[in-house]
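The task is simple: from the sequences and hints, build the whole structure.
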Amino acid sequence: PPPPLTANAFKPKILALTPAKDEDMPSTYADLTKWLFSVEKKYQLDLEHGMSRHPSLSSRMRPILVDWLMEVSTDYRMHRQTLHLTVQYLDRFLASTDLQVEPSMLQCYGTACLSLAMKAEEQRVPTLSELTDFSKDAFTRDQLKQAEIDVLTALGWHLAVPTLFEFLCLVFQRAAVQFPGRFADQTRP
Amino acid sequence: MENYKRKREKQRVKIRTKYEIIGFISSGTYGRVYKARPREGPPIELAIKKFKPEREGEARPTTGISQSACREIGLCRELHHENIVDLCEVVMDDNAIHMVMDYAEFDLLSIMQHHTHHLRKPMSELVIKSILWQLLNGVAYLHANFILQRDLKPANILITSSGVVKVGDMGLARVFRRPFQTLYNGDKVVVTVWYRAPELLLGSRHYTTAIDLWSVGCIFAEMLALRPIFKGEEVKMEKKQIPFQRGQVSKIIEVLGSPTKDQWPTMELMPDFQQMKQFRHY
Numbered sequence: 044p045p046p047p048l049t050a051n052a053f054k055p056k057i058l059a060l061t062p063a064k065d066e067d068m069p070s071t072y073a074d075l076t077k078w079l080f081s082v083e084k085k086y087q088l089d090l091e092h093g094m095s096r097h098p099s100l101s102s103r104m105r106p107i108l109v110d111w112l113m114e115v116s117t118d119y120r121m122h123r124q125t126l127h128l129t130v131q132y133l134d135r136f137l138a139s140t141d142l143q144v145e146p147s148m149l150q151c152y153g154t155a156c157l158s159l160a161m162k163a164e165e166q167r168v169p170t171l172s173e174l175t176d177f178s179k180d181a182f183t184r185d186q187l188k189q190a191e192i193d194v195l196t197a198l199g200w201h202l203a204v205p206t207l208f209e210f211l212c213l214v215f216q217r218a219a220v221q222f223p224g225r226f227a228d229q230t231r232p
Numbered sequence: 024m025e026n027y028k029r030k031r032e033k034q035r036v037k038i039r040t041k042y043e044i045i046g047f048i049s050s051g052t053y054g055r056v057y058k059a060r061p062r063e064g065p066p067i068e069l070a071i072k073k074f075k076p077e078r079e080g081e082a083r084p085t086t087g088i089s090q091s092a093c094r095e096i097g098l099c100r101e102l103h104h105e106n107i108v109d110l111c112e113v114v115m116d117d118n119a120i121h122m123v124m125d126y127a128e129f130d131l132l133s134i135m136q137h138h139t140h141h142l143r144k145p146m147s148e149l150v151i152k153s154i155l156w157q158l159l160n161g162v163a164y165l166h167a168n169f170i171l172q173r174d175l176k177p178a179n180i181l182i183t184s185s186g187v188v189k190v191g192d193m194g195l196a197r198v199f200r201r202p203f204q205t206l207y208n209g210d211k212v213v214v215t216v217w218y219r220a221p222e223l224l225l226g227s228r229h230y231t232t233a234i235d236l237w238s239v240g241c242i243f244a245e246m247l248a249l250r251p252i253f254k255g256e257e258v259k260m261e262k263k264q265i266p267f268q269r270g271q272v273s274k275i276i277e278v279l280g281s282p283t284k285d286q287w288p289t290m291e292l293m294p295d296f297q298q299m300k301q302f303r304h305y
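Residue numbers (my numbering), protein chains in the order written: chain A, 44 to 232; chain B, 24 to 305.
Calculated lysine to any residue pairs in the SDA-like style (CA-CA distance at most 25 Å, straight line):
id : chain 1 : residue 1 : chain 2 : residue 2
1  : A       : Lys179    : B       : Ser89
2  : B       : Lys37     : B       : Phe74
3  : A       : Lys84     : B       : Val198
4  : B       : Lys211    : A       : His122
5  : B       : Lys75     : A       : Arg184
If you're looking for bench data, these hints aren't it; they were derived computationally from the structure.
Printed below as a string of structure tokens:
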């Protein structure tokens, strides 16, 4: 009879990525990683600090909003990068805006960030009324339009900033090159 | 809430109070470009690109800030280079977005036309060399920042009165740093047809920085000959179907000869390869 399963029997083999050699990686890989890190550094932010600038927001509100954004982006089959960008815009907005965000307006600003991220990533751009529908009209179209402008101003129009998602893409690309059997077939178009 | 509104109103810069519009440069589907001068500070000339304000009550539902403005400004914001048009400021005023940018006196198209019609002699080698070098310098910078320009043509290559080349109009530009994403998904047709690379003409879903360099090559040839090297006839889009650019492809083959598999090993994998096979062999 086979030996009983114990915790020890479960030993997943974790693939360790070795540093890429020149010959098995496109030369842009190293440059790209370096470039992403350098740009990311410019926009790094302190989450705690961002929330504390808005005294009427409690720390529970951000996770609730992000959760809702995840739900919306899944329901509408948006690209993953759209969600990552949205959350990044939101955090940078909270950390740098001159306005004081009231709890009632947080969802509106979240939607404005989503709208901007969709413009950057998605093929089809949602209309303002579609966006207010997402939140069951918790705010008006005019409020949303103004929120978009407020977010852009606070971000200084720096919209093409790398996200976690882009780093992940690179890791997977490398994995695909190093372990062709495991990844490559699924990633080939 | 009222307080914020008042504060916001105060911060809002009026474009006309900050800049004096002194001329009109061009207009397109995106909006208009004006020549302007700042009211304060050094007396420099600037270009202001005003995106069409979206009107209320239009049949099409409104989408807030326009997507093309978002993309173009988002990209330009990260770019600062001697040979790239610099975005100085973004101003939002009377429902429109204004990009305040470097101003350049000339563009390559008008310089070439000047040589053809007025001077009636070729451009000097030194000038061509300088323009080409600066153009490549700017394009190399874009590529190093993982941006494809995707619309290089003489009209988009601006030249200041002191001879500095500035690559302009990033309206079609796109970042290409995500490896698995095909660029084809975003915009189906890129680059003005005379400057469009063969892989694009054959419907390739993936493409690289090579497409910008093809355009640069075409521009180089055009500077030497003072006429476009591949002046193909554009096939108009019908029923939202992207047509095969028969005229352009055959023009390229007439000039360069039919490509062989040695020169282009993946040629047969191109979606529209069959179309090209029907051409006469050169």
